[in-house]
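Following the hints, complete the assembly by docking chain B onto the known chain A.
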Amino acid sequence: MQIQPVLAALRRHRLATLLIAMEIALACAVLCNACFLVVQRWKLIQTNSGVDESSLAVLTVNGFEPNQVTDLNARMLNGLRALPGMQSVSLINQVPFGPQVGAAGISLDQGSFTNTIGVVDFVLAGPGTFQALGLKLVEGSLPSADDYLLATNLAPPDARVLVSRALADHAWPGQSPLGKEFWCDKLHFRVIGVVDHLARAHPHDWGAQSVEWTVFTPAQPGGSLAGTYLLRASPDELPRVLRAARDAVPKIAPDVVLDQENSQTIDDLRTDYFKSDRIMIDLLIGVIVTMLGVTALGIVGLASFWVQQRRRQIGIRRAIGATRGDILRYFQTENFLIVTFGIVLGMALAYALNLLLMTHYELPRLPLYYLPIGALVLWGLGQLAVLGPALRAAAVPPVVATRSV
Amino acid sequence: MFGYYLDLALRSLKRNKVLTALMVIAIAVGIGASMTTLTVVHLLSGDPIPDKSGVLYFPQVDPENPPRADHTEPYPAMDYRSAMDLWNAHRADRQALVTSSSTKVRASDTGKPPLILSLLSTTADFFPMFEVPFQYGSGWSAEDDARHSHVAVISHDLNNKLFGGANSVGRSLRVRDTDVRIVGVLKPWRPTPLFYDPWSQNFSKTEDVFAPFTSSLEINDGNFQPYTCWHVPDDTRHLQNADCVWVWLWAELDSPAKARAYASFLADYAEQQKTMARFATGKDHVRLRNVMTLLTARGMVPDDVRLQAWLAFAFLVICLFNAVGLLLAKFLRRSGEIGVRRALGASQRAIFSQCLVEAGVIGLLGGFFGWLLTLLGLWLVRQQPVDYAHLAHVDTAMFFATFATAVAASLLAGLIPALRASRVAPGWQLKAL
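Heads up: the protein sequence lines correspond to chains A and B, in order. FYI, the numbering used here numbers position 295 of the first sequence as 295, with every residue one higher than the one before it. Just add 405 to wherever you are in the second sequence, counting from 1, and you've got the numbering used here.
Okay, chain A solo, but in the shape it has when bound:
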């Protein structure tokens, strides 16, 4: 196939060629960036919480006074544990994807915020919570019974804690975090162990690198550790157990109010937390599909027009010996050239669009491999769209050449 005559013909249709090429270029830019956004959001949704989500639920009650917490905790723990199918009930202040309770800035120095580590989530947890969550200890040791101290505040005044590996790597890069100390104003903490993964309550409100900046803080039931209970049951029984637990609250503690919204399985909380990301993914995919459809329609429309306009020329070519395949390939080559031109423009545009998005949104740079993928998709789309008109062109009989009009 010679490219020269195709180019010569395109030069006679500069405007139309340019229009289709621009459309392809824009489509390429939007396609690459939209796919990139979809992948980014998808990664967010896949966030590892570090806990046994499918076996866990949380139950929250409100409307009790500080002097009632000991009694409330005892009633709730005993009452809920008695429910059939319940494997364990323990105290926690917050769970991944639930309301954020214990976020605070920590620092390596006492009382100052000069040598700060960052804003972390303090996960206050009563006895048994570590096992119930299904956390994995990778270094150090678990808190002993003496380490569960009363917290009337964010955390006990002097606590021995576990940190997530992500937080340890951030705060003490290249060192063993065991025995290290940190402060939150006047509260003192000493690291005794490291857990593999534990996500904060709102993993994506604090930036991509701090998803797992959590401090697992053992605390004694009472004080600020009351009203939120971690339920564990086998995954298939969990919905039933949670329903039973919610129904049991009025009998166990008649004076408190069940927090409907925040008494759910972790799976449901997760779905809820990521709902806007899911919507965005659906929307982006919708945009990609419609955009490709519209672009394909444009190619079909213009190619049909060109085929009709060139019927006589096609007839002449056929009459002087061109095969159907030659005609087909002519239109396919033409389309390939236009799309290639569009893609070259589109890659630059995609990059520019990514830079623009990076300034307005927290987005990393577009990885380069998106560009060839985008190019392949558009080449394929172009060839597919032009196939119909090109086949019609190939079907033009040579006899057309002998007719006028």
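Hints were generated in silico from the structure; no laboratory data involved. Take the hints with a grain of salt, since some may be wrong.
Said to hold, decoys possible - Mimicking DSSO-like on lysine-lysine, the simulated pairs with C-alpha atoms at most 30 Å apart in a straight line are:
| hint | chain 1 | residue 1 | chain 2 | residue 2 |
| --- | --- | --- | --- | --- |
| 1 | B | K663 | A | K275 |
| 2 | B | K457 | B | K688 |
| 3 | A | K136 | A | K180 |
| 4 | B | K679 | A | K186 |
| 5 | B | K419 | A | K251 |
| 6 | A | K136 | A | K275 |
| 7 | B | K517 | B | K566 |
| 8 | A | K251 | B | K836 |
| 9 | B | K836 | B | K419 |
| 10 | A | K43 | A | K136 |
| 11 | B | K457 | B | K592 |
| 12 | B | K457 | B | K422 |
Below, chain B without anything else, positioned relative to chain A:
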């Protein structure tokens, strides 16, 4: 001539239905997508209180001491002491202290189970300042504030829930462990965005119970949550003396001169507190923003919605390029016809306007289907579990904007093709016939 062009346009559109349909669909989809997102952006960036947004001000000072290194803006709230100092100075035409907390509420005589609701603690001026509409009764008086009266105003929703919508003024409501007397019931009131609460979700509902600042601080003591603290409070539940911000102040200043005077009063206060070593930063971190400036500074339109608007816009541009290409094909296909008309005396101008009329008709059709798609798009938005879903409706302005955009877009798209068509050389075309 217009009627003739219209007739020609309709005939031409009918002749090639597939091409026409392609163009109409392309424009309709582009218009539908962009108008859906534009409507959402338009609604989200609306003025929640158009009559007064220019005279309602949100003063900010920065009590954080010592300050964080990256702290460049004051928090959208004040510590108790600063708020009280500024309020007690009575420098504004009207002013309101506001804070929000959650509490247990029940109507003792109805036998309904207790509810956990949000309680707005504020001062008497709140209601006239923010033009809060009353169904029954009214707000409380400044004396009620001063006397720590146990009174409350409840929302329309809560009145329906507890009292079945009846006039409940005079009845009593148990807030935590205290009986308060209902003095007012609101009409449905939902300013969007919820501008007076600078740290709520932008489009959340208003509180259900409103009570005097002084008395509700006593009634619900221990349930107030700080926005943030720079020292861990000794007692997290009692914030009056804590190094935390959790109260916000609104001031109504009826003239620009008063606003300037208030701004300098605020700056003086911050400087004075800095001299006393209570503040670390003085007038540099003082802000006095009115409603719209505050909302803009806060970034009212969610990031995702802005992203969607950009996407839709890019999409419309793609559709436009598409339409230009197709119109070009359509017009030039009729070169022979145009040649005949030119030979019979039609001017270039006449051909040009004829082509634009045709483009305009396509635009109107595209606009109509685009509007249907916009309705569908907004319906889809309303189905989404987002807090602004209830807002997604077409208003008249957006209805006309849809058609205007569609026609403008198609005329714009028709410009180059029409120009090309009008330049068709009649002689050449006639020879080819």
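Results of checking the hints against the structure:
Proposed proximity of K663 (chain B) and K275 (chain A) is contradicted: the alpha carbons are some 46 Å apart, above 30 Å. Under the criterion of a C-alpha separation no larger than 30 Å, the hint pairing K457 (chain B) with K688 (chain B) is consistent with the structure, at around 26 Å. Proposed proximity of K136 (chain A) and K180 (chain A) is supported: the alpha carbons are some 20 Å apart, at most 30 Å. With a C-alpha separation of about 24 Å, the suggested pair K679 (chain B) and K186 (chain A) falls inside the 30 Å cut-off, and the hint holds.
Only pairs whose Cα atoms come within 30 Å are accepted, and K419 (chain B) paired with K251 (chain A) is rejected, the gap being roughly 73 Å. A distance of roughly 28 Å separates the Cα atoms of K136 (chain A) and K275 (chain A); the hinted pair therefore holds under the 30 Å criterion. Restraint check for K517 (chain B) and K566 (chain B): satisfied, since their Cα atoms lie roughly 9 Å apart, inside the 30 Å limit. In summary, the hint linking K251 (chain A) to K836 (chain B) is not supported, as the alpha carbons are separated by about 97 Å, beyond the 30 Å threshold.
Taken as a hint, the K836 (chain B) and K419 (chain B) pair is honoured in the structure, with Cα atoms around 27 Å apart against an allowance of 30 Å. As the CA atoms of K43 (chain A) and K136 (chain A) are separated by approximately 22 Å, the hinted pair is consistent with the 30 Å bound. Annotation: proposed proximity of K457 (chain B) to K592 (chain B) holds, straight-line Cα distance about 19 Å (limit 30 Å). Simply put, K457 (chain B) and K422 (chain B) have alpha-carbon atoms about 53 Å apart, too far for the 30 Å limit, and the pair is violated.
Violated hints for the displayed structure, listed by number in ascending order: 1, 5, 8, 12.
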